[in-house]
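Chemist: Protein chains in written order, with the numbering used here: chain A, 1 to 301; chain B, 1001 to 1301; chain C, 2001 to 2217; chain D, 3001 to 3217.
Treat the hints with care, as some may be off.
Simulated crosslink set (DSBU-like; lysine-lysine; CA at most 35 Å straight-line) [stated by the list, open to error]: (1) D/K3179 to C/K2037; (2) C/K2037 to C/K2195; (3) D/K3179 to C/K2195; (4) C/K2037 to D/K3120; (5) C/K2179 to C/K2120; (6) C/K2179 to C/K2037; (7) D/K3037 to C/K2120; (8) D/K3120 to D/K3037; (9) D/K3037 to D/K3195.
If you're looking for bench data, these hints aren't it; they were derived computationally from the structure.
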Amino acid sequence: MTPDLTRITAFLAGDVQADRLVPPTGFTARLTVFVAAAMAFLTVFALALSLATGRLADRWSDELARASTLRISAPMDQREAQTTAALRVLETTPGVASARALSDEEQRALLEPWFGPDLPVESLPIPQLIEVIEDETGYDAAGLRLRLSAEVPGAVLDDHTRWRRPLVMAADRLRLLGWLSIALIGAATAAMITLAAQAALAANAQVIAVLRLVGARDAYIAQAFVRRFTLRALGGAAAGTVLGMIAVLILPSAQAEAGFLTGLGFQGWHWIWPLVIPPLGAAVAFAATRHAAQRTLRELS
Amino acid sequence: MTPDLTRITAFLAGDVQADRLVPPTGFTARLTVFVAAAMAFLTVFALALSLATGRLADRWSDELARASTLRISAPMDQREAQTTAALRVLETTPGVASARALSDEEQRALLEPWFGPDLPVESLPIPQLIEVIEDETGYDAAGLRLRLSAEVPGAVLDDHTRWRRPLVMAADRLRLLGWLSIALIGAATAAMITLAAQAALAANAQVIAVLRLVGARDAYIAQAFVRRFTLRALGGAAAGTVLGMIAVLILPSAQAEAGFLTGLGFQGWHWIWPLVIPPLGAAVAFAATRHAAQRTLRELS
Amino acid sequence: MSYGGGELLSDISLTLSPGSFHFLTGPSGAGKTTFLKLCYGALLPTAGHVRMFGADVRDMSRDDVALARRRIGVVHQDVQFLDHLPVADNVALPLIVSGRDRTDESENLSELLNWVGLSKRAGALPAELSGGERQRAALARAVIMSPEVILADEPTGNIDWEMSQRLLQLLVELNRMGKTIMIATHDMNLIRAAKSQVQARVLRISQRRLHTAGADL
Amino acid sequence: MSYGGGELLSDISLTLSPGSFHFLTGPSGAGKTTFLKLCYGALLPTAGHVRMFGADVRDMSRDDVALARRRIGVVHQDVQFLDHLPVADNVALPLIVSGRDRTDESENLSELLNWVGLSKRAGALPAELSGGERQRAALARAVIMSPEVILADEPTGNIDWEMSQRLLQLLVELNRMGKTIMIATHDMNLIRAAKSQVQARVLRISQRRLHTAGADL
Ligand SMILES: Nc1ncnc2c1ncn2[C@@H]1O[C@H](COP(=O)(O)OP(=O)(O)OP(=O)(O)O)[C@@H](O)[C@H]1O
Ligand SMILES: Nc1ncnc2c1ncn2[C@@H]1O[C@H](COP(=O)(O)OP(=O)(O)OP(=O)(O)O)[C@@H](O)[C@H]1O
Ligand SMILES: [Mg+2]
Ligand SMILES: [Mg+2]
Chain A
1 MTPDLTRITA FLAGDVQADR LVPPTGFTAR LTVFVAAAMA FLTVFALALS LATGRLADRW
61 SDELARASTL RISAPMDQRE AQTTAALRVL ETTPGVASAR ALSDEEQRAL LEPWFGPDLP
121 VESLPIPQLI EVIEDETGYD AAGLRLRLSA EVPGAVLDDH TRWRRPLVMA ADRLRLLGWL
181 SIALIGAATA AMITLAAQAA LAANAQVIAV LRLVGARDAY IAQAFVRRFT LRALGGAAAG
241 TVLGMIAVLI LPSAQAEAGF LTGLGFQGWH WIWPLVIPPL GAAVAFAATR HAAQRTLREL
301 S
Chain B
1001 MTPDLTRITA FLAGDVQADR LVPPTGFTAR LTVFVAAAMA FLTVFALALS LATGRLADRW
1061 SDELARASTL RISAPMDQRE AQTTAALRVL ETTPGVASAR ALSDEEQRAL LEPWFGPDLP
1121 VESLPIPQLI EVIEDETGYD AAGLRLRLSA EVPGAVLDDH TRWRRPLVMA ADRLRLLGWL
1181 SIALIGAATA AMITLAAQAA LAANAQVIAV LRLVGARDAY IAQAFVRRFT LRALGGAAAG
1241 TVLGMIAVLI LPSAQAEAGF LTGLGFQGWH WIWPLVIPPL GAAVAFAATR HAAQRTLREL
1301 S
Chain C
2001 MSYGGGELLS DISLTLSPGS FHFLTGPSGA GKTTFLKLCY GALLPTAGHV RMFGADVRDM
2061 SRDDVALARR RIGVVHQDVQ FLDHLPVADN VALPLIVSGR DRTDESENLS ELLNWVGLSK
2121 RAGALPAELS GGERQRAALA RAVIMSPEVI LADEPTGNID WEMSQRLLQL LVELNRMGKT
2181 IMIATHDMNL IRAAKSQVQA RVLRISQRRL HTAGADL
Chain D
3001 MSYGGGELLS DISLTLSPGS FHFLTGPSGA GKTTFLKLCY GALLPTAGHV RMFGADVRDM
3061 SRDDVALARR RIGVVHQDVQ FLDHLPVADN VALPLIVSGR DRTDESENLS ELLNWVGLSK
3121 RAGALPAELS GGERQRAALA RAVIMSPEVI LADEPTGNID WEMSQRLLQL LVELNRMGKT
3181 IMIATHDMNL IRAAKSQVQA RVLRISQRRL HTAGADL
């Protein structure tokens, strides 16, 4: 590692004299910086969006996908027995993590929006509800129904599939969209930095030719350009990233209230993600400029 | 209009001889095309996202914001009378578009997930529910509660505010994000096309100088470049837009099932939106190249 | 005239009468190119007045200058071409940009290319030309519009003696047709050769002044 | 040697012995520049062999060519500079790219600039130079590394007679120090002037062959 580090330090420090050989900024140079900055900004945004939708999708999936309800509608005197029987069946069903009969208070809470707090749950012929939590593999609903119909005639399984599937799909769609945008913006960024670096290099064809004619080695010439453009891309991308992060920080002011859509932004270690952008942009610029410089040089004798 | 149209046609048709004076594509030219294409593609995507989230937000707002429930918990013999009284109060409340007592069947449907289909709603001390639909202005919930407590002692107003506000906010947030991305991508596109056009023009400084020296007029020189770059941006943006629209068309294959999140994509006349992108890109390129050409020319005597 | 720093040319008063033939000499860096640039409006004088075809250059619009340049053929010292177009198109460039139909002049063009010895290289790109070929192409481009005035800055710097003679003859012939000619050069042999054919005046720039050299060359 | 089309130079065999002084002449477009480009490895021969310092250019790596160029000073016919650096830096460019410390050579540099008459213009940008000044700067750049071989392509094309003499004297002095010199020019007066000072051989390219011109100049 140590020698590599020395090389990187030397690369970043540069050779003051060699550095002057590359002309200062023109349009193409500014273009490189701007492209790097703008695309970094957009990437931060897309990243925030992706992570936020990812979190949303996770929550939806978690909350919806793994709970279902078993309803025991039986005459009052058989309810207890059937509930126990159902719980026994559920305990032995593969894929069921836990099953639990709701208490009267919980049932009353569920019904409160409709009937108010004074509903005499105990004296009413209200069915007993059992909450079923799946494990990761999930259970076979059809098989469970079959077993229940034999042992607990009054049980009705409502596995939520009907209304949970679209939600989970929507969540997955959102997540996919987020990552797709990132991939798109990333690809566009790489392509644009590449083209901008090549355009800037093409604009400096005379500099390269002159240097080659007075006896500069290829590595020396390439280095002078590569360093310049890598630093430009790094600087641009860093500026764009910082601006993007600030924008993301400022934006979701109503975070607390809008708890449903987990706020746009980064949470915890996710803040590390955007910090990856500048080095990535610099790496793209490095590769692109190097490639372009070497091609330009190969055309010269 | 007619003379303008002639001018535009002449502009698009161009002068074959003048056209040869601008060198064929280099990196900077390809950059212009690519930037226009990539950014058009991203814009289509952001547009689709914005419109889709916009639709989602509209649905949430519509469905959630404008309905609330009034619950009449009263002894069986007073229920009818209190319901009628409550409806009378609601009818005279400003901001209430309509109010309607739910029928027994509707109440049973609401309760079915919990109690099964056999619940004897008629004979149970279940409260009567009244659905209240607001008009656009909305009603004053506190005032309504006050009036109701006087005239209908058993009425409880559940105006959903608690749980509908975060949803509406989330929806609005989504919509805002969509338009923000569009604005960002749009601004970045304009800036990049501008810079790319200027870089390409800077790379052609010698062509401009030579033309000026042999007696070409400014308008002639500018035109040769402006036409070329405008068409390039138009072509690039058109290609990007078409690709973007195809991508959007292909993507949401599970549209039917994922009804909850209205599918990503354009609906109805919204398909016109992306078609605005290429002319806009061309207009930006036109203005940018014209400006850059004129500035380059002014520096020459 | 001065470039920011000290004065370069001062107290110059000269009128090029139509049909005259002038040489402009002086040591390297004296201001020959600068003087010619003043003549075709590429520079504005820092003091004093320059008139092109009777109009003060300061009062001319950019389009006026462009139109005036069509009446002045210039051979620049650092010749520049459109590097993506072949020599023939570059020579015909003034015709193209002034909207003239090239096909009408194609005979003219090939005759001219022949005269400057570039018929065989007509299809080559400027980058493929030798130094002397570039200068000859520049002269051809300067005269293709049959301009009233021809300004040539070191038109024979990279050209061998025979070809120089040939180009001089072309210029002499154009002068006989009534064109005004001004050639900046340091080649005394060329000036001597010209003096035997036309009545040429020799101007010399030194110590920031324009002198008329005697007949002692 | 040929550029795609017909042959340009053929049946040439020449060895530049160290310390020799050559002139290269021939009509415009004969192939003088092409010949020099072969000599410093800017072109590879389409047939035959070119050796630089004993090594065949075809066997040399790109870095070998770069290193060899530090031992050869070239004045190009179409001089190119780094347009964003002042003249002094451009002249010192070979020192910079070969990693030598410029400060050690700064005295050398100012002396050289003085000799070519550019002391006053040392801070100017290349675009602000006159044609002759560019050529002089190019010569200064070619000799700053004190190379073993100096190839100059029309180094006096845009320069007045006195300055040409001065530059010639610099080259003659370098030759006396043992440097090998080859100058492509069409200026017979310059060749005559040189012959009075050193033993110069004159090579002439015509009909695709390299001839040794007699002493009849
Ligand atoms: N744009 C400029 N800015 C500053 N100085 C300039 C500029 N152009 C030319 N000069 C200086 O003005 C002086 C005269 O230049 P000019 O090109 O007119 O010389 P010249 O007589 O044509 O010389 P040559 O025979 O070498 O071509 C030179 O010293 C030159 O360096
Ligand atoms: N890259 C090239 N491709 C094709 N032809 C070329 C190329 N470079 C030069 N030539 C041709 O080769 C011939 C010799 O060119 P060269 O530059 O060697 O001539 P030269 O002797 O230096 O002439 P001058 O005195 O005019 O500079 C010319 O006819 C030129 O047009
Ligand atoms: Mg000059
Ligand atoms: Mg040559």
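Chemist: Hint by hint, say whether it matches the structure.
Modeler: Quick rundown of the hints versus the structure:
A distance of roughly 40 Å separates the Cα atoms of D/K3179 and C/K2037; the hinted pair therefore is violated under the 35 Å criterion. For the proposed pair C/K2037 and C/K2195, the alpha carbon gap of about 25 Å is at most 35 Å, so the pair holds. A hinted pair counts as satisfied when its Cα atoms are at most 35 Å apart, and D/K3179 with C/K2195 does not qualify at roughly 41 Å. For the given pair, C/K2037 sits about 22 Å from D/K3120 by alpha-carbon distance, which is consistent with the 35 Å threshold.
Of the supplied pair hints, the one linking C/K2179 and C/K2120 holds, its CA atoms being roughly 28 Å apart against a limit of 35 Å. As the CA atoms of C/K2179 and C/K2037 are separated by approximately 19 Å, the hinted pair is consistent with the 35 Å bound. A distance of roughly 22 Å separates the Cα atoms of D/K3037 and C/K2120; the hinted pair therefore holds under the 35 Å criterion. For the proposed pair D/K3120 and D/K3037, the alpha carbon gap of about 32 Å is at most 35 Å, so the pair holds.
The suggested pairing of D/K3037 with D/K3195 holds, with an alpha-carbon distance near 25 Å, which does not exceed 35 Å.
Figure legend: structure checked against the earlier numbered hints; hints not met, in rising order: 1 and 3.
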